[in-house]
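Position chain G relative to chain E; hints supplied.
Read top to bottom, the protein sequences are chains E and G. Residue numbers 13 to 271, in my numbering, belong to the letters of the first sequence in order. Residue numbers 13 to 271, in my numbering, belong to the letters of the second sequence in order.
Hints listed in this document are in silico derivations from the structure and should not be mistaken for laboratory results. Some hints could be false.
Put simply, identical chains are the same to the list, so a pair is met inside one copy or across any two.
Said to hold, decoys possible - Computed cross-link-like contacts, DSBU-like style, restricted to lysine-lysine with a CA-CA straight-line distance of at most 35 Å:
1. Lys143 with Lys132
2. Lys132 with Lys257
3. Lys257 with Lys153
4. Lys143 with Lys42
5. Lys58 with Lys143
6. Lys257 with Lys42
7. Lys132 with Lys245
8. Lys61 with Lys42
9. Lys42 with Lys132
10. Lys58 with Lys132
11. Lys143 with Lys61
Number of protein chains: 2
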Amino acid sequence: MAFEIWRIFRYRQGEIEEIEDEIIQESPLKIFVSHQELATLMCTPKEHKALVVGFLAAEGLISSIDEIISIDFSQDQSIVRVELLQTSRRDEYLARRAITSGSSGNISFNQMQSEEQWPKVNSSLQVDIGKVLSLITSMEKASHLFHRTGGTHSVALASSEELLIQVEDIGRHNAVDKVLGKAMLDGIPFEDKILLVSGRVSSEMVLKTMRRNIPILISRAAPTNLALEIAQKNGLAILGFARGKRVNIYCIGNSQINI
Amino acid sequence: MAFEIWRIFRYRQGEIEEIEDEIIQESPLKIFVSHQELATLMCTPKEHKALVVGFLAAEGLISSIDEIISIDFSQDQSIVRVELLQTSRRDEYLARRAITSGSSGNISFNQMQSEEQWPKVNSSLQVDIGKVLSLITSMEKASHLFHRTGGTHSVALASSEELLIQVEDIGRHNAVDKVLGKAMLDGIPFEDKILLVSGRVSSEMVLKTMRRNIPILISRAAPTNLALEIAQKNGLAILGFARGKRVNIYCIGNSQINI
Numbered sequence: 013m014a015f016e017i018w019r020i021f022r023y024r025q026g027e028i029e030e031i032e033d034e035i036i037q038e039s040p041l042k043i044f045v046s047h048q049e050l051a052t053l054m055c056t057p058k059e060h061k062a063l064v065v066g067f068l069a070a071e072g073l074i075s076s077i078d079e080i081i082s083i084d085f086s087q088d089q090s091i092v093r094v095e096l097l098q099t100s101r102r103d104e105y106l107a108r109r110a111i112t113s114g115s116s117g118n119i120s121f122n123q124m125q126s127e128e129q130w131p132k133v134n135s136s137l138q139v140d141i142g143k144v145l146s147l148i149t150s151m152e153k154a155s156h157l158f159h160r161t162g163g164t165h166s167v168a169l170a171s172s173e174e175l176l177i178q179v180e181d182i183g184r185h186n187a188v189d190k191v192l193g194k195a196m197l198d199g200i201p202f203e204d205k206i207l208l209v210s211g212r213v214s215s216e217m218v219l220k221t222m223r224r225n226i227p228i229l230i231s232r233a234a235p236t237n238l239a240l241e242i243a244q245k246n247g248l249a250i251l252g253f254a255r256g257k258r259v260n261i262y263c264i265g266n267s268q269i270n271i
Numbered sequence: 013m014a015f016e017i018w019r020i021f022r023y024r025q026g027e028i029e030e031i032e033d034e035i036i037q038e039s040p041l042k043i044f045v046s047h048q049e050l051a052t053l054m055c056t057p058k059e060h061k062a063l064v065v066g067f068l069a070a071e072g073l074i075s076s077i078d079e080i081i082s083i084d085f086s087q088d089q090s091i092v093r094v095e096l097l098q099t100s101r102r103d104e105y106l107a108r109r110a111i112t113s114g115s116s117g118n119i120s121f122n123q124m125q126s127e128e129q130w131p132k133v134n135s136s137l138q139v140d141i142g143k144v145l146s147l148i149t150s151m152e153k154a155s156h157l158f159h160r161t162g163g164t165h166s167v168a169l170a171s172s173e174e175l176l177i178q179v180e181d182i183g184r185h186n187a188v189d190k191v192l193g194k195a196m197l198d199g200i201p202f203e204d205k206i207l208l209v210s211g212r213v214s215s216e217m218v219l220k221t222m223r224r225n226i227p228i229l230i231s232r233a234a235p236t237n238l239a240l241e242i243a244q245k246n247g248l249a250i251l252g253f254a255r256g257k258r259v260n261i262y263c264i265g266n267s268q269i270n271i
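If we strip away everything but chain E, and leave its shape as in the complex, we get:
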């Protein structure tokens, strides 16, 4: 269920009462790739396999799931051992990380690649703005862990007509990685899809979207200026503050948005 019941005290306007409250779970997942310890992710303990696939793809260790020989979890799901066909990209990743990396906040080791290396979006999509707003509303309604705990971010992959995959996680980046990883496992193509996120759109969120060639990114929240600059230069559409019957259109990329 990914949440725990805790007995807590609730204070309200001078009154205090003891209540049972639902608290979102946070668990470590330690990832080994071909016998080398790679990372420990703090995540909501669900969809671990999708998280691992999405994380490896986001960090550039794999391009497709065909490059994975096996994914084995420990019984308590806290450790995962991945075997890759080739270890060269793992070694490049570790070498790059040894030189420079970020840790505080939302940083990917891939993030600070130079502008020339930014992935371009080579796809486009035609969507109706009313439909897009109904997709975000559907995602919100289905954010059951958030409704119970208030402690998750939601991310979904949709066609121009319907939600296909949705996950919730304590981390924005985990949630994105889980959705993209699940789509890779299910063999769903990305080039005619929309990525929907409940949280803010930073440069890294944009890079993750572009790297999978998804043409449209829509958020309930705000983008940063760097996210918009990267998106604008590379053909990604960004819509933000999508709530109810309103939305901001920051850039339309290669896509067409019908009003």
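Just chain G, lined up with the frame of chain E:
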């Protein structure tokens, strides 16, 4: 000002208009410590010196600012070079990171230390719950970048009576590091203070608070179960969903909270 003006399109109930919108800035800050590249943080370009000090303290490279010989920024503020009295802890940090680290989501390289190494809170504080709620309300009112852009997290350090330091940043962890770094630079002791955060309380947020011996952590948002477990075992008080005249008291640690 830490934001940019962009011309965007706003859609509302079938109507579209072109407007000027304020977009929060996101910039890289590359940190070198004694000639070794250490990390690149994506942050709101304000309070860089406080961020560097808070980050180095959070990652265990320094315990006090006396250990810093110099902090020099490049003219465009995108690179900072720090000289430390001793480089042994930097080397330990880099060695630890070479073995394992997380990158996606909110992970510190220090985070997955074993339970025995968790810092204990050796301080306590007596606060009135009404006062605490008024502090959170004051922080919200003073979150000017959030009011303009919707794209920041707020963090503040307060005595039991008043806010002392407040910052906003696109990253929750940057904002915490900036507040703690600024307090270290200003010589403000932590043991009788409260840390207030607008965002969620994860295990790493709790560890950062305990590492500075702050006895009370208050959030507008939800905690995770792991955050509560660590806090409960180590004497930290956690209050959450502090909004208006209501708040949840998850654990009181060594402190006393007067109703």
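How would you label the pair lysine 58, lysine 132 (within, between, both, or neither) given a Cα cut-off of 35 Å? Close inside one copy (31 Å) and across copies (30 Å); limit 35 Å.
With identical chains treated as interchangeable, where does the CA-CA distance between lysine 257 and lysine 42 reach 35 Å or less: within a copy, between copies, both, or neither? The answer is neither: 42 Å in one copy and 41 Å across copies each exceed 35 Å.
With identical chains treated as interchangeable, where does the CA-CA distance between lysine 143 and lysine 132 reach 35 Å or less: within a copy, between copies, both, or neither? within (26 Å within a copy, 51 Å between copies)
Is the C-alpha distance from lysine 61 to lysine 42 at most 35 Å within one copy, between copies, in both cases, or in neither? The answer is both: 12 Å in one copy and 33 Å across copies each meet 35 Å.
One pair to classify: lysine 132 and lysine 257, alpha carbons no more than 35 Å apart. Within, between, both, or neither? within (30 Å within a copy, 49 Å between copies)
When Cα atoms must be at most 35 Å apart, do lysine 58 and lysine 143 count as within-copy, between-copy, both, or neither? Within one copy only: 29 Å inside, 39 Å across.
If the cut is 35 Å between Cα atoms, do lysine 132 and lysine 245 qualify within a copy, between copies, both or neither? within (8 Å within a copy, 48 Å between copies)
Status of lysine 153 relative to lysine 257 across identical chains (alpha carbons, at most 35 Å): both (15 Å within a copy, 27 Å between copies)
Tell me, please, which holds for lysine 143 and lysine 61 at an alpha-carbon limit of 35 Å: within, between, both or neither? Within. Shortest intra-copy distance 31 Å satisfies the 35 Å Cα cut-off; inter-copy 46 Å does not.
One pair to classify: lysine 143 and lysine 42, alpha carbons no more than 35 Å apart. Within, between, both, or neither? For lysine 143 and lysine 42, the Cα distance exceeds 35 Å both inside one copy (39 Å) and across copies (41 Å).
Up to 35 Å between alpha-carbons, please classify lysine 42 paired with lysine 132: within, between, both or neither. Classified as both; 31 Å inside a copy, 25 Å across copies.
Hint violations for this structure: numbers 4, 6, all remaining hints satisfied.
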